[in-house]
Structure formats: C-alpha cells, structure tokens
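Please model the entire structure based on the sequences and the hints provided.
The listed protein sequences derive, respectively, from chains A and B.
One point on numbering: in the numbering used here, the residue at position 213 of the first sequence is 213, and numbering is uninterrupted.
One point on numbering: in the numbering used here, the residue at position 306 of the second sequence is 854, and numbering is uninterrupted.
If you are wondering where the hints come from, they were derived from the structure by calculation, not from laboratory data.
Note that CB positions come from ideal geometry on N, CA and C, so glycine has one too.
One or more hints might be untrue.
[Unchecked claim] Now the in silico label distances, taken between C-beta atoms and shown as ranges:
no., chain 1, residue 1, chain 2, residue 2, range
1, A, Asp-12, B, Glu-564, 29 to 37 Å
2, B, Arg-1017, A, Ala-364, 35 to 43 Å
3, A, Asp-88, B, Pro-739, 39 to 47 Å
4, A, Gly-419, B, Lys-645, 40 to 48 Å
5, A, Gly-294, B, Leu-563, 23 to 31 Å
6, A, Asn-23, B, Glu-564, 23 to 31 Å
7, A, Asn-3, B, Glu-736, 29 to 37 Å
8, A, Ser-69, B, Pro-946, 31 to 39 Å
9, A, Asn-3, B, Glu-968, 41 to 49 Å
10, B, His-578, A, Ile-26, 41 to 49 Å
11, A, Asn-23, B, Lys-1092, 51 to 59 Å
12, B, Asn-988, A, Asn-3, 56 to 64 Å
[Claimed, not checked] Computed cross-link-like contacts, DSS-like style, restricted to lysine-lysine with a CA-CA straight-line distance of at most 30 Å:
no., chain 1, residue 1, chain 2, residue 2
13, A, Lys-45, A, Lys-236
14, A, Lys-272, A, Lys-236
15, A, Lys-97, B, Lys-822
16, B, Lys-666, B, Lys-986
17, B, Lys-1041, A, Lys-96
18, A, Lys-236, A, Lys-493
19, A, Lys-272, B, Lys-645
20, B, Lys-822, B, Lys-1077
21, B, Lys-1041, B, Lys-1077
22, A, Lys-45, A, Lys-118
23, B, Lys-820, A, Lys-45
24, A, Lys-274, B, Lys-1041
25, B, Lys-618, B, Lys-822
26, B, Lys-618, B, Lys-645
27, A, Lys-96, B, Lys-986
28, A, Lys-272, A, Lys-529
29, B, Lys-644, B, Lys-986
30, A, Lys-438, A, Lys-45
31, B, Lys-756, B, Lys-1092
32, A, Lys-70, A, Lys-208
33, B, Lys-666, B, Lys-644
34, A, Lys-529, A, Lys-493
35, B, Lys-977, B, Lys-756
36, A, Lys-272, B, Lys-644
37, B, Lys-1077, B, Lys-977
38, A, Lys-208, A, Lys-236
39, B, Lys-822, A, Lys-274
40, A, Lys-272, B, Lys-593
Protein chains: 2
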Amino acid sequence: MTNWQSARQARDARLEAGARIANGKIVAVHDATRLLEAVMRPGDKVCLEGDNQKQADLLCAALLAVDVSKVNSLHMVQSGVVLPEHLDVFDRGVAKKLDYAYSGPQAARIATMLFGGKIELGAVHTYLELFARYFIDLTPNVALIVAVSADRDGNLYTGPNTEDTPTIVEATAFKDGIVIAQVNEIVERVPRVDIPADRVHFVVEAGKPFFVEPLFTRDPSAITETQILTAMLALKGVYAPYGVRRLNHGIGFSTAAIELLLPTYGERLGLKGKIATHFALNPHPALIPAIESGWVTQIHSFGSEVGMEDYIRARPDVYFTGPDGSLRSHRAFCQVAGHYACDMFIGSTLQIDLQGNSSTVTTARIAGFGGAPNMGADARGRRHPSEPWILAGREANPDSPAPLRRGRKLVVQIGETFGEKNAPLFVEKLDAISLAEKLNLELAPVMIYGDDVTHIITEEGIANLLLCRSPSEREQAIRGVAGYTDVGRRRDKNEVQRLRERGVIRRPEDLGIDPLDADRNMLAARSIKDLVRWSGGLYAPPSKFRSW
Amino acid sequence: MTNWQSARQARDARLEAGARIANGKIVAVHDATRLLEAVMRPGDKVCLEGDNQKQADLLCAALLAVDVSKVNSLHMVQSGVVLPEHLDVFDRGVAKKLDYAYSGPQAARIATMLFGGKIELGAVHTYLELFARYFIDLTPNVALIVAVSADRDGNLYTGPNTEDTPTIVEATAFKDGIVIAQVNEIVERVPRVDIPADRVHFVVEAGKPFFVEPLFTRDPSAITETQILTAMLALKGVYAPYGVRRLNHGIGFSTAAIELLLPTYGERLGLKGKIATHFALNPHPALIPAIESGWVTQIHSFGSEVGMEDYIRARPDVYFTGPDGSLRSHRAFCQVAGHYACDMFIGSTLQIDLQGNSSTVTTARIAGFGGAPNMGADARGRRHPSEPWILAGREANPDSPAPLRRGRKLVVQIGETFGEKNAPLFVEKLDAISLAEKLNLELAPVMIYGDDVTHIITEEGIANLLLCRSPSEREQAIRGVAGYTDVGRRRDKNEVQRLRERGVIRRPEDLGIDPLDADRNMLAARSIKDLVRWSGGLYAPPSKFRSW
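This is the structure in structure tokens:
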C-alpha cells in the first residue's frame, strides 16, 4: 500500500531529532550546527535565505560547519549567492547543486567554480521565476531564514526587509518542509507578525543584527554630466510623450540622475503629476527630493534600504508600512507588480549587441539576473490597457487592427556609450555568448532580449526600436546612438540620417535639449548630505556613504 | 507643511468609528451594515472578496444594504464578479466603477449593465494582473474578506480555500486600509494562522458557512468519445514528444479526459514518470485516478474544490497542506507558478479565428479572463531552460543561433470542431471583436492571442503552429484541423496536404491512433462514483454531482 504521508513522516522524524536540541522552538547559537545536522539529510533541497539585501549569515556559518559525513550534496535553491560562505559550502562538499537568481559580489568566484566543476548548475533565474519553481519542482526541504525578532511561540518580525521570507516560508512550511529562523533577538511580543508561528519550527537567537547591504544607494556626487544628459533625454523623449506614470527603475547612476531631475528639469517641463507617480521600487534615497516635492503617490518595494528606515516610517502615505510603522516589503508581490502593473522598466546594462540583446555578464563574472528580465520583458499575459502601453503597441504595429493590437511594455536601456574603465557599451558579440559556449550552456545569459527592448538612450540620442521595421533598421538605429564605439563608427550614415528623419533616432537637438545645459546644478541633490537635508534629517546614510 | 500621514489618520478615524460598533474586533451580524457605513467613504476602492470559488457573501449582503447617502460611488476592485449581489451594488448606486478579472455566472448581466452604462468599466484583467495593480494603482481602501474561523484576536483560518485572501490583505493592511473579515465561527484557537491578527481590523461571525462553488468538477459520464480522441492526440502528439512534466490544465471536459486517460492510455504509451508529474492546478477530482496510480509527484493549487477536502488531507505527499492537515491554496503564487514554472498550458475555448486568437466572449456574455491569459502566454521573462521549452523554441526559430534562441511555453488549445449547441469552434471573426466595437473598447477581450498559441487540437488532428513560417501557413494549418466548420471547408487542400507532409498538421493516423479506439472504456473513471471508488471513499462529491 502506498504511503502518502512519507514527507510528513520524514518531517516529523526531523522535528523530533531537532527537538532534542531545542528548548521549545528555541535553539542556542552554539547548537545551531548540531540542529542542522539533526534535521538535514544528504541531497536535501535547501533554501539558505540569501536575498538581494539581507542574509541569514549565522545559519550560513552554521551550515558551513556541519559534519560533511552527515550533511552533504545539498541542492541549494536560493535567490542570492552573496556571501563568500554561500560558495564555501560547495567547496566543502556540503552542497553540490545550485539554482539561483543573483550573485552580485560573488559573480567572479561563481564563474570560476562553475568552470572548475565545483558547482553543478541547475539554472540561473529571475527572482520571480525561482520563487515560481519553489511551488512546482524546486520546493525546499529545509528553509534557513532570517528575521529581526521572534517571540517564544515562533512568530517572526522581519522589520522592513521582509523581502523573500514569506514566499520561502509558504513553499517550505506548507509542503512538509522544515523552517529554521535566525533572529537578532527573542522578545516578549513581536512588533508585528510577518510570519505566523505555526510555519516556523526552530528559532536561533543570533544576538546580533544579520548582514544587510545598502544596494540601492547611489551617491549623487558621482553622477556625471553625461548621465544627466541621458536623464534629460529620457524624461523629455520617453517619460513625457508616453506619459509614463507606473514604472520601475533599475539600479544605477543613470536612473538615479532621472530621480534627481524630477523636481528640477521635470518640474520645468510641467510633468509633475503626469509622470512617475506610482513605483515598484526599493526605497531609493535618490528619490527623496521627488517625494518631498510631491511627485510620488505610492511606492511598493521589493526590499528596504539601509538608512531609509526613519524616513519611510515618517512617510506612510507613500510607502507600504505595517502596524509597527516600518516598511513592509515583499519581493514576490513587487516583482509581480513590476511585471504586470508597470508600463515601463528602465535600467542600465554592460553590453548591448546589434540586435539589442543586452547582458551584465562578462566572461569572468556571472552576475545572475535578479529581477530585471521579469520587469524588462513584454508581459504578454497582460490584458488591461493604459495610455503608455497602447501608444507603444501602436508604434510597434501601426497596421494591425486596433482591437486585436496588444500594447507593449516600455523597456528602456540607458547608458553612456563608453562605461566604466572606458569599456564600450555596444559590442558585435556579447560576452554572454562566449560564456555560454565555454560552459556549454543551452542559453546564453541574456539579461534583456532585443525583441523586448523598446528604447536605447545614450548621450548621442534615443533609438526608438518600436519604430524599426526590419532587423537591419534596428541595427542601424542602435549603431546610430552608439557614439564613437566601433559599433557606432560602423554605421551607415545615410540610413541613420533617414532613421532620424523618421523620428526613429532622436538627437538632443531634435528634442530641444542643449547638451551644455546638462549640468550638475540641475540635480535636486548633489551629495548624500543634500539627500539627508531633503529628508529633514530622517535619512541616515550608512557610514560608507558619509564624507562628513 | 505636507501631511504624510493622511491615509493613516483617515484609517484611524475609520477604525474609531468602527470601534463604537465592535466588541474588541468582533462585530455582530446585525451590525455589519452599520460597520460598513462607519468605516467606508464615498468613492473608496473596495475589494469585496469574490474569488474564483469562495465568496464573502454575508459582507456582500451587508454592503448592498448600506444607506446610499453615506456609502456610494465605490470603486470595486475584486477578482470575481460571481454573485447577483455583486452587480446589485451597482444597480443601487453603492458602487460605480469596476475593475475585475472573472465573471462566470454573471457574464450576461455584466454585459447588459456595461452596455446600459450602469457600470463604469476600469478594465478586465487576469487574476495576477489585478493583484499586481493592488500594489501599484488599485490599492483597496477597504477589504471585505472571508475565512472559516477567527480567534478573538482576529487571527484567521481560511481552510483549504485560502485563494486570494493573503494577497488582498497584504495590499490593504500594509497601505493603511481597513480589513474586515466574515468568518463562519469564532473559536478559541484557530487550527492554523492563515492571516495574522494584526492585519485584521474587524471580524463578523456569520454563523454559517460562506458560499463556495465546485467549479473544477467535471462528471466523467459526460465525456464524449470525440473528447477522448482529442485527449489521445494530446497525449501522444504533444505531451509525449515534448516530455511535458510541469503544466497547468484549464477547466473543461477535454482536459478532464486527458487526466482520466493517464492511467490507461498514458500507461500503455509508457509515459508514466515522463509526463504530467508536477502541476499548478486546482484539486481536480478527475485527477484522482492518476494520483492513485502514482503519476503525480506534486500539485500546487490556486484554490480548493468542494468535496476534495478529505482526499487532500490524506494525500499530503501530493498537495500543499498546513499544520492542521488541510490544503493551503494560494492563487497569486500558483498563478506565478503557472506563468514561470510550467512548460505547458492546455485549455479549451469558445472561438478561434484564422490567426489563432481565441476568446470565451460572446456578444451577450463578458466572462472575463480569470487566469488563462497569464498561463497561456509566452513567459518572456523566463530564463531557466527545460527540455520541452527548448524544443518548442527550436521548432519556432530553427535558424536563430542556439545560445540566443529562447524557448517557448507550450500553449495548447483543445476542443471539438463543433462545440455546445453545435456552435463552430472556428470563426472568421471573433465575437470579442464585435463586442469591442460595440462597447468602444481599446482592446478586444482576447483570451489567448494567436502568436502565443503553439498547438490546436481537434478530433481532426493537431496543428503545430510553431512550425508555420508565414501568416498564410498558419491560417491553412488552422483550417486544416477545423473539420466541417465553414472555416475548415474553405481550406486550400493542396496547402493543407503539404503542411501535413511537413508534420505541421498531424492526423490521428499519422500518430498511429485509430479513432475507433477512442472509447469511453478507456477512461480510468467513467462516473463520479468511479472517482469516489478510486479515492477509497475519501472524495465526497457535492450533491449535485451525485446520481445515487
């Protein structure tokens, strides 16, 4: 007779073994490794909470210290591979296989380990896609999560960095998995219940704050005049004509420049209330001047941002907050919002090829996808119209009959023709393709595909790919904004001129923008200190951003 | 000076007004309307929980009874418009504007009211898309939700029909909205915490079960031999060659036939363990024989299904269940899973045009979209490969360079060439387009767009649209499986023959299927009673499905 409760029985056996080490649900820090040895089995699928920002660092260290004869060959299914220890577990043989989404600071080492066969790669995902698989074929047996505090029953308070936690717990706890939380402290009563106690099996009191990184802070003092020029082009050439109100901004100085131009240049263009009112966005400090100037109606956030806590708490009309007054972020829902409820995604990249495909991968660094492809893809399941979406769809397919013509998500790539270390933004062949060949991947790690990109903005102008009617037009439109890069210099000048006459390419002067006006004085804040001032002293930047 | 706490202050004022009627959080049934009058304001965005299945019926009746001078012009933002009262609130002037996703039984009346100007239409959405907007520009001021039980603190137990509740509450409670729950009963301690108390402001004890509809039960006795033939074609001609393991099935007799053929025909084809192992799916009773025969590894569900409670409770290895033992469904996460973690969506429709666009709308009925477009669209944000996805992508773009070639979601439409009341499945022009013209809609309510459809299956054969290289090939491929409908009879016979030689069209005989074998004896269960037997008596069908 079939046993239909095998997972539950296995879970109960694990819980029993863990209970011997715990006092109720509480496990002492020095017993954390013993707890993991008690509840884990070789080959388990394990989600070690490594989010975009916050990290279950204590449980990670505990995992690294397990007896490899007891716990080994784990299949890690976690969104962020961020800490060195996230890779050390592979070096030690504790883990074997990896499915992930983002690996910012570990991008170089992860590449080396993949080349060296130290890691068996499942796949690189977007966040939402990995979360999706948690419910279908990558359901964790054990989740090692992180929160600010717990009560003795196991109710968890995540504070503003709720991030992935509810999603991980949902998939694990309701499929007979084990949920272990590290918390900074155990308290009598949590300020709010982010995760109910009956989904949490063990709690380890770390006694110190978990690691969390300020990923979304861009110092205005580092914004260049070229970035200001591209930001002006974006506002006047894309935000304004499409009337983009619901949007997501990627990370980077170019979008930070846009945020800082809203109360100055945007105001001058008369765009207040007409653009950039509703965001799916982390709490970017660079948006403070626009918020304070009354531009922003509402922001839903993937995670929080270090230093923004008090500011958010004082601006509940703008942010989502809980009964305790602090931010409630939620990566999964915010990614859904970015996919389906936003009309534009705008972000930067490292390389763009002649078809418009872009990638942040170099042959030595596999950074992962994060959330960009989910937001920077045309959401073909969308069925509600909006003006920007309808207008973009009409530009792409002017001849198709109106009621059958779908709209298009605006997907904008913004950057300087030469990026960091003078590397050209435009290339004939993406490094991502060389990497795919080298690693024998079925798919090159393309961040945004050319057929999803609608606009490319550089200091030379805007290429509107929606208006291109053939691959060769698209290629010339891209070459036409690629400046003095090799790709740019190989343009067909006559064809580029024709594209400009058709409005496919628009130069600053075509938009009435004088590049000489692109001056740092246009930024609503020119330093981190300016941002603190705008916030009325509520924004408390991390020390690495303080020059005073 | 700007007030940044206006929403919170407004909420606190509403809570205070509500508190006068409540005892703690508890409000008596006869005070429900008074409560709504106390906490609602004209023009509020209100989510009256109307899910695919369960309904906040008591709160709906309470809303209908409000004094219209106090509460009026509401903007309803709810996924399901299912109960007559959901439309009565518009007739009475309590509500004015509507954003929704699904309107099954009210499809005819909603059409009449839209034509008559009784409802101001925001948009018709997919579920996930509407949820997305809850976080961006359609955030509810008040959510009227429904659960099985509550404790006195306000912790809620939803039972197996968790459905939309966590998503609605997340958007409302964390943006300073008011959450009011109707529950069947108030208990000392809830069996599990589906919604933590600090997100719930008022609880009304209904004293009786909320309305919930068995939407996903298909009586095997009504399955026709034509449907069995199309199911055989699907299994041998699509599931097998692509090796589809992760999938979603739409509602309908054709997919029910597939489910009932797995342990018989599927077994004979040697497909066990190779196809249909992981589902994003409601607990379809028709899947019981396949589950009992060991075909299914795991199912995550949007909602539950009436009568399946005990069966699910006894099969936790397959379903997601909570610490109380009953199903934990979650529509938002399951839709995400259907979008990003499934390789195939297969469903039925009412009309398909010559481009492959399909719709369930007729000129007199606006049924809404539900979840199909979200799952039946190519997920362009997806970045992880799988065999079915890669294979479909290769068929669609054989000439593009492999590492830059994306895969494709398999989107399959299955049906009989003549459907209910002998209406042809294939039409020159969708009724959806006539409706869009009549209502002056920017977008025709197309369920699945032709450019997302990969296969169309009828009793005449399979049209593989991935292999079509031009619009005219696509048209002839569709005509070539359209049987004796007008569309089918107007085929170019030579062209259809050429498409068949290329494998674009495959007839039953091309697949080694004899239509005479399509016999009801092939169904693993031929009646509801058979399903009960397969379940070992655990499945308890609702009375309307019992003939004994």
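Okay, the hints, checked on the actual structure:
The hinted range of 29 to 37 Å is not satisfied by A/Asp-12 and B/Glu-564, whose Cβ atoms lie roughly 47 Å apart. The beta-carbon spacing between B/Arg-1017 and A/Ala-364, approximately 40 Å, falls within the hinted interval of 35 to 43 Å. Look at A/Asp-88 against B/Pro-739: about 41 Å separates their beta carbons, and that is inside 39 to 47 Å. Restraint check, A/Gly-419 to B/Lys-645: a C-beta distance of roughly 47 Å satisfies the suggested window 40 to 48 Å.
The supplied range of 23 to 31 Å is met by A/Gly-294 and B/Leu-563, whose beta-carbon atoms lie about 27 Å from each other. Checking the proposed 23 to 31 Å range against A/Asn-23 and B/Glu-564 shows it is violated: the Cβ atoms sit about 42 Å from each other. Hint check: A/Asn-3 to B/Glu-736, Cβ distance near 33 Å, so the stated range 29 to 37 Å holds. Between A/Ser-69 and B/Pro-946 the beta carbon distance is about 49 Å. The supplied range of 31 to 39 Å is therefore violated.
Separation of A/Asn-3 from B/Glu-968 is about 43 Å and conforms to the stated range, judged on CB atoms against 41 to 49 Å. Checked against the hint of 41 to 49 Å, the C-beta distance between B/His-578 and A/Ile-26 comes to roughly 45 Å, which is consistent with it. Take A/Asn-23 and B/Lys-1092: their Cβ atoms lie about 52 Å apart, and the range 51 to 59 Å holds. About 59 Å separates the C-beta atoms of B/Asn-988 and A/Asn-3, a value consistent with the hinted range of 56 to 64 Å.
Between the alpha carbons of A/Lys-45 and A/Lys-236 the distance comes to roughly 49 Å, so the proposed pair goes past 30 Å and is violated. Between A/Lys-272 and A/Lys-236, the direct Cα distance comes to roughly 13 Å. Compliance with the 30 Å bound is thereby established for this hinted pair. At roughly 22 Å between alpha-carbon atoms, A/Lys-97 and B/Lys-822 fall within 30 Å of each other, so this suggested pair holds. A distance of roughly 16 Å separates the Cα atoms of B/Lys-666 and B/Lys-986; the hinted pair therefore holds under the 30 Å criterion.
A C-alpha spacing of about 56 Å is found between B/Lys-1041 and A/Lys-96, which places the hinted pair above 30 Å, so the restraint is violated. Between A/Lys-236 and A/Lys-493 the alpha-carbon distance is near 25 Å, which keeps this suggested pair within the 30 Å criterion. A hinted pair counts as satisfied when its Cα atoms are at most 30 Å apart, and A/Lys-272 with B/Lys-645 qualifies at roughly 26 Å. Proposed proximity of B/Lys-822 and B/Lys-1077 is supported: the alpha carbons are some 29 Å apart, at most 30 Å.
Taken as a hint, the B/Lys-1041 and B/Lys-1077 pair is broken in the structure, with Cα atoms around 46 Å apart against an allowance of 30 Å. Between A/Lys-45 and A/Lys-118 the alpha-carbon distance is near 18 Å, which keeps this suggested pair within the 30 Å criterion. Restraint check for B/Lys-820 and A/Lys-45: the C-alpha separation of about 24 Å stays at or below 30 Å, so the hint holds. About 55 Å separates the Cα atoms of A/Lys-274 and B/Lys-1041, which puts this hinted pair outside 30 Å; it is violated.
Among the hinted pairs, B/Lys-618 with B/Lys-822 is inconsistent with the structure: their alpha-carbon atoms are about 60 Å apart, more than 30 Å. For the suggested pair B/Lys-618 and B/Lys-645, the alpha carbons sit about 17 Å apart, so the restraint of at most 30 Å is met. The hinted pair formed by A/Lys-96 and B/Lys-986 fails the criterion: a straight-line CA distance of about 60 Å is larger than 30 Å. For the given pair, A/Lys-272 sits about 25 Å from A/Lys-529 by alpha-carbon distance, which is consistent with the 30 Å threshold.
A hinted pair counts as satisfied when its Cα atoms are at most 30 Å apart, and B/Lys-644 with B/Lys-986 qualifies at roughly 21 Å. Taking the CA atoms of A/Lys-438 and A/Lys-45, the gap is about 28 Å. The hint holds against a cut of 30 Å. Only pairs whose Cα atoms come within 30 Å are accepted, and B/Lys-756 paired with B/Lys-1092 is accepted, the gap being roughly 20 Å. Distance check on the hinted pair: A/Lys-70 and A/Lys-208 sit about 28 Å apart at the alpha-carbon level, within 30 Å; holds.
Taking the CA atoms of B/Lys-666 and B/Lys-644, the gap is about 8 Å. The hint holds against a cut of 30 Å. Only pairs whose Cα atoms come within 30 Å are accepted, and A/Lys-529 paired with A/Lys-493 is rejected, the gap being roughly 46 Å. Simply put, B/Lys-977 and B/Lys-756 have alpha-carbon atoms about 47 Å apart, too far for the 30 Å limit, and the pair is violated. For the hint pairing A/Lys-272 with B/Lys-644, the CA-to-CA distance comes to about 28 Å; that is within 30 Å, so the pair holds.
Distance restraint check for B/Lys-1077 and B/Lys-977: the Cα-Cα separation of roughly 41 Å exceeds the 30 Å cut-off, and the hinted pair is therefore not satisfied. This hinted pair does not check out: A/Lys-208 and A/Lys-236 have alpha carbons roughly 48 Å apart, beyond 30 Å. Taking the CA atoms of B/Lys-822 and A/Lys-274, the gap is about 53 Å. The hint is violated against a cut of 30 Å. Of the pairs offered as hints, the one joining A/Lys-272 and B/Lys-593 holds, with about 24 Å between alpha carbons and a cut-off of 30 Å not exceeded.
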